[in-house]
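As given, the protein sequences belong to chains A and B, one line each in that order.
In this text, residue positions in the first sequence follow our numbering: the first is 1, and each later residue adds one.
In this text, residue positions in the second sequence follow our numbering: the first is 118, and each later residue adds one.
No lab work stands behind these hints, which were simulated from the structure alone.
Some hints here could point you the wrong way.
[Unchecked claim] Restraint ranges, calculated between C-beta atoms of paired labels, are given here:
no.: 1; chain 1: B; residue 1: H172; chain 2: A; residue 2: E8; range: 26 to 34 Å
no.: 2; chain 1: B; residue 1: R192; chain 2: A; residue 2: V46; range: 47 to 55 Å
no.: 3; chain 1: B; residue 1: E168; chain 2: A; residue 2: D5; range: 30 to 38 Å
no.: 4; chain 1: B; residue 1: R190; chain 2: A; residue 2: L30; range: 51 to 59 Å
no.: 5; chain 1: A; residue 1: P34; chain 2: B; residue 2: R190; range: 31 to 39 Å
no.: 6; chain 1: A; residue 1: L50; chain 2: B; residue 2: R144; range: 58 to 66 Å
no.: 7; chain 1: B; residue 1: E168; chain 2: A; residue 2: L50; range: 34 to 42 Å
no.: 8; chain 1: A; residue 1: R12; chain 2: B; residue 2: E273; range: 13 to 21 Å
no.: 9; chain 1: B; residue 1: S287; chain 2: A; residue 2: R12; range: 27 to 35 Å
no.: 10; chain 1: B; residue 1: E273; chain 2: A; residue 2: V4; range: 19 to 27 Å
no.: 11; chain 1: A; residue 1: E13; chain 2: B; residue 2: A247; range: 20 to 28 Å
no.: 12; chain 1: B; residue 1: E284; chain 2: A; residue 2: Q33; range: 57 to 65 Å
[To be verified] Chain A stretches covered by chain B per the calculated footprint, using a threshold of three residues with CB under 8 Å from any CB of chain B:
no.: 13; stretch: 4–16
no.: 14; stretch: 24–34
[Claimed, not checked] One-sided and incomplete, this derived list gives chain A residues near chain B with beta-carbon spacing under 8 Å:
no.: 15; residue: E19
no.: 16; residue: P21
no.: 17; residue: A48
Every residue gets a Cβ at the ideal spot worked out from N, C-alpha and C, and that includes glycine.
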Amino acid sequence: MNPVDPFEQQLREAFRRVEPPPGLERKILLRIQPRQPRRLPSWFAVAASLVLVVGGSLGVMRWQEHQQRQREAERVRQQLALTLEITSRTLAKADQRLKSIGVERIRLQEVSSWQEY
Amino acid sequence: MDRTPDFAEIVREHQAMVYSLALHALRDSAAAEDITQDVFLALHQNLGRLEGPSHIRHWLARVTSHRCIDEIRKRGYRRGPALEEVSEPGRSDTDRDPLLRQRLRQMVAALPAPARLMILLRYQEEMELAEIARVLDVPVQTVKSRLHRALGLLREKMGRQRAAVTEARS
Numbered sequence: 001m002n003p004v005d006p007f008e009q010q011l012r013e014a015f016r017r018v019e020p021p022p023g024l025e026r027k028i029l030l031r032i033q034p035r036q037p038r039r040l041p042s043w044f045a046v047a048a049s050l051v052l053v054v055g056g057s058l059g060v061m062r063w064q065e066h067q068q069r070q071r072e073a074e075r076v077r078q079q080l081a082l083t084l085e086i087t088s089r090t091l092a093k094a095d096q097r098l099k100s101i102g103v104e105r106i107r108l109q110e111v112s113s114w115q116e117y
Numbered sequence: 118m119d120r121t122p123d124f125a126e127i128v129r130e131h132q133a134m135v136y137s138l139a140l141h142a143l144r145d146s147a148a149a150e151d152i153t154q155d156v157f158l159a160l161h162q163n164l165g166r167l168e169g170p171s172h173i174r175h176w177l178a179r180v181t182s183h184r185c186i187d188e189i190r191k192r193g194y195r196r197g198p199a200l201e202e203v204s205e206p207g208r209s210d211t212d213r214d215p216l217l218r219q220r221l222r223q224m225v226a227a228l229p230a231p232a233r234l235m236i237l238l239r240y241q242e243e244m245e246l247a248e249i250a251r252v253l254d255v256p257v258q259t260v261k262s263r264l265h266r267a268l269g270l271l272r273e274k275m276g277r278q279r280a281a282v283t284e285a286r287s
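Next up, chain A with everything else stripped away, as it sits in the complex (with noise of 0.2 Å):
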């Protein structure tokens, strides 16, 4: 390179150095910044905490009230089968009684039948 040359010259001065816009620098350092892992506010956290007791407890509650009355319906149909089963004795007695009844009265109109004769 000649550095008497005007051409090569007026060429350096043309492509000269240009200072870069103002901030440059912040921006290319701004997206070498690890990234931070996103924060969220602390009415936030205290939110979810709320919604989560709350809907626990709630869990909580119905799971109760619904063993309850599974408890309650297995009370009752116990005492239904316990009912039936009284209700069935005491058919079955009556049966018998009357069976013998009818017995009876057949060896009774047996008896007076003859007593015709």
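With the hints as your guide, set chain B onto chain A.
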């Protein structure tokens, strides 16, 4: 190499070179800013592989030049007016330096992408031919011949301009 405290210094030291190369190559300040940011981001990712300050400068010039050449080709800058088509200034133009510099920039912007970067690396960064060849990954002879041809075209164009101005004054 401890990155964070040194990197800001590296940016401050070299951002003018990177930005200027991109701006003169593309003649678009927004594109030049984008390329500058991308180049330094890439530098940050590769800093551990570089050996020292001179290696960093060379690396930056190399990556910036290649990005500019890619961008020029992508945008079809090459399809813009060729040097022969860049109009010569009319009679109202004078030989004042700012206009002359502006005209020179326009003429260089009309050159093919590799020749454009060769001119910039030579006259903006004062690089020797061998270094330009390493930066652009081409043989030294290629740099010599292309630079010689580009300078010849530019001189011829500027010579015609001066002749037109002289004629206008007479």
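Going down the list of hints, with the structure as the test:
B/H172 and A/E8 have their C-beta atoms about 28 Å apart, which keeps the hinted 26 to 34 Å range intact. Separated by about 53 Å at the C-beta atoms, B/R192 and A/V46 satisfy the suggested range of 47 to 55 Å. Against the hinted window of 30 to 38 Å, the Cβ-Cβ separation of B/E168 and A/D5 comes to about 35 Å, which satisfies the hint. A C-beta distance of roughly 30 Å is found between B/R190 and A/L30, which places it outside the suggested range of 51 to 59 Å.
Range check, A/P34 to B/R190: about 34 Å between beta-carbon atoms, so the 31 to 39 Å window is met. Range check, A/L50 to B/R144: about 60 Å between beta-carbon atoms, so the 58 to 66 Å window is met. Our hint of 34 to 42 Å for B/E168 and A/L50 is violated, since their Cβ atoms are close to 58 Å apart. Between A/R12 and B/E273, the C-beta spacing of about 19 Å keeps the proposed range 13 to 21 Å intact.
The beta-carbon spacing between B/S287 and A/R12, approximately 30 Å, falls within the hinted interval of 27 to 35 Å. A C-beta distance of roughly 20 Å is found between B/E273 and A/V4, which places it inside the suggested range of 19 to 27 Å. Separated by about 25 Å at the C-beta atoms, A/E13 and B/A247 satisfy the suggested range of 20 to 28 Å. Range check, B/E284 to A/Q33: about 59 Å between beta-carbon atoms, so the 57 to 65 Å window is met.
Look at the stretch 4–16 of chain A against chain B: 9 of its residues bring a Cβ nearer than 8 Å to a Cβ of that chain, three or more, so the hint holds. Here the stretch 24–34 of chain A counts 7 residues with a CB under 8 Å from a CB of chain B, which clears the bar of 3, and the coverage holds. Interface hint at A/E19: satisfied, since its Cβ lies 6 Å from the closest Cβ of chain B, which is below the 8 Å cut-off. Below 8 Å, beta-carbon pairs count as interface contacts, and A/P21 has one with chain B at about 7 Å; its hint therefore holds.
Taking 8 Å as the C-beta contact cut-off toward chain B, the hint placing A/A48 at the interface is violated, the least distance being around 35 Å.
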